[in-house]
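Trainee: In case you want the letters, here they are:
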Amino acid sequence: MAEKAIDPLHQFEIVRLLPMKIGSLDVSFTNASLWMVVAIAAVTVFLVGGMRRQALVPGRWQSMAEISYEFIAGMIQDNVGSKGREFFPFIFTLFMFILFGNMMGMVPYSFTFTSHIIVTFAMAFVVFIGVTIVGFAMHGAHFLSFFVPKGVPKFMLALMVPIELLSYLTRPVSLSIRLFANMMAGHTMLKVFAAFTVMLGVFGVAPLAINVALTGFEFLVAFLQAYVFTVLTCIYLNDAIHLH
Amino acid sequence: MPQLHVADFAPQLVWLAITFAVLYLLMAKLALPKIGQVIDARQARITADLDRATKLKDEAVGVLAAYEKALAEARASAQATIKATTDRMQKDAEAREGVLAKKLAGDTEAAEGRIRAARDSAMASLTEMAVEITKAAAEKLIGQPVNDAAATAAVTAAAKERA
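Same order as they appear, the protein sequences are chains A and B.
225 is the number that our numbering gives to position 225 of the first sequence; each next residue is one higher, with no gaps.
46 is the number that our numbering gives to position 46 of the second sequence; each next residue is one higher, with no gaps.
The hints are simulated quantities; they were obtained by calculation from the structure and are not laboratory data.
Owing to the predicted nature of the structure, the values given are computational and were not obtained by experimental measurement.
Be aware that a few hints might be false.
[Said to hold, decoys possible] From the structure, some residues in chain B lie toward chain A, with a derived Cβ separation under 8 Å:
| # | residue |
| --- | --- |
| 1 | Gln3 |
| 2 | Leu23 |
| 3 | Leu32 |
| 4 | Arg42 |
| 5 | Ala44 |
| 6 | Val63 |
| 7 | Tyr67 |
| 8 | Met123 |
| 9 | Ala124 |
A virtual CB, placed ideally from N, CA and C, is assigned to each residue, including glycine.
Turn these sequences into a full structure, and let the hints steer you where they fit.
Mentor: Next up, the structure:
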């Protein structure tokens with residue numbers, strides 16, 4: 001019992017709600033799957049519900065839906081330019097999926113699917129592969145010039161090109177670990193302080209106060225990490241389209 | 001760390017792919033076109049309204065200019081009419097005055113003539129009456145008639161004396 005109370009990683013456990021298998025592939029419907037479904041349902045209700053009237057002068061709900069749209073449209077315009085327009089649905093989906101994943105994770109007893117490295121890495125990897133394909137599709141072999149920095153002496157290139165290549169290849173790793181680590185660390189902290197609150201009895205007021213502050217901070221992180229993930233995706237896309 | 005249970009990777013990846021694809025389709029086909037439509041419609045409406053306002057303002061400025069021009073023209077033509085009428089009336093008045101003055105001068109002269117004639121005849125009858133009175137008075141005084149010539153001579157002499 002006491003052992004369980006101070007296990008802050010328990011909340012990240014994957015639970016198979018509906019065990020399923022296709023051949024040897026495990027496709028069980030887990031708690032992570034459940035919250036992914038909840039998140040996309042919430043995003044859809046939020047946007048479609050907000051736009052049900054399509055009023056010329058928007059109400060509060062419609063305003064929020066429109067602000068989400070214009071927030072991402074503006075982000076793409078600022079970071080990628082008008083050539084980024086065609087990637088708008090993907091980047092918007094990415095942002096809303098991560099944002100709602102993070103925010104839903106703030107609900108007690110819920111599950112934060114963005115706190116799993118495999119999920120964030122899969123998204124980062126898709127972004128990485130997609131951006132690389134866009135780069136080659138737009139510039140062909142000329143895209144490789146991206147790894148050759150301009151204005152560098154020839155003899156330095158032997159050193160610079162591998163560094164550029166390495167920094168490019170580590171992008172999906174840094175992108176995915178940033179999101180995963182932030183979400184996991186925050187939730188772990190919350191759980192640790194919550195456990196202290198229970199253990200300390202009357203003196204638990206102190207960790208409780210910290211937890212209140214941390215909860216506010218976690219909401220900030222939940223938004224900020226969704227924003228950072230999306231902005232970096234835009235920046236990578238810009239690199240692929242405009243080659244610096 | 002539960003995140004590193006490799007056995008849990010497959011179901012998460014499968015469901016991530018499914019949910020992300022579904023969300024992408026819902027966004028791309030349903031939600032985003034709806035929002036885009038409304039925003040575009042609003043933008044178009046605002047642009048059209050601004051254009052219309054600009055056009056109406058230009059029209060108003062044009063109407064004002066035309067109004068001011070018409071007003072100035074009306075004022076000028078009124079001024080001209082007033083001047084022409086005043087001139088004509090002055091000329092008429094002068095002409096009428098001349099005719100009247102001539103007529104009055106004629107009338108005055110005629111009246112003066114008549115007055116003179118009347119006075120002359122009055123004076124003449126005065127002498128006659130004086131002669132008659134003198135004859136009657138002398139007859140009463142001396143008891144015998146006095147002849148006309150003597151009476152007339154006496155009256156004329158008296159009149160001359162007085163005059």
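Trainee: For a quick check of understanding: which of the numbered hints are violated here, in increasing order?
Mentor: Failing hints, ascending: 5, 6, 7, 8 and 9.
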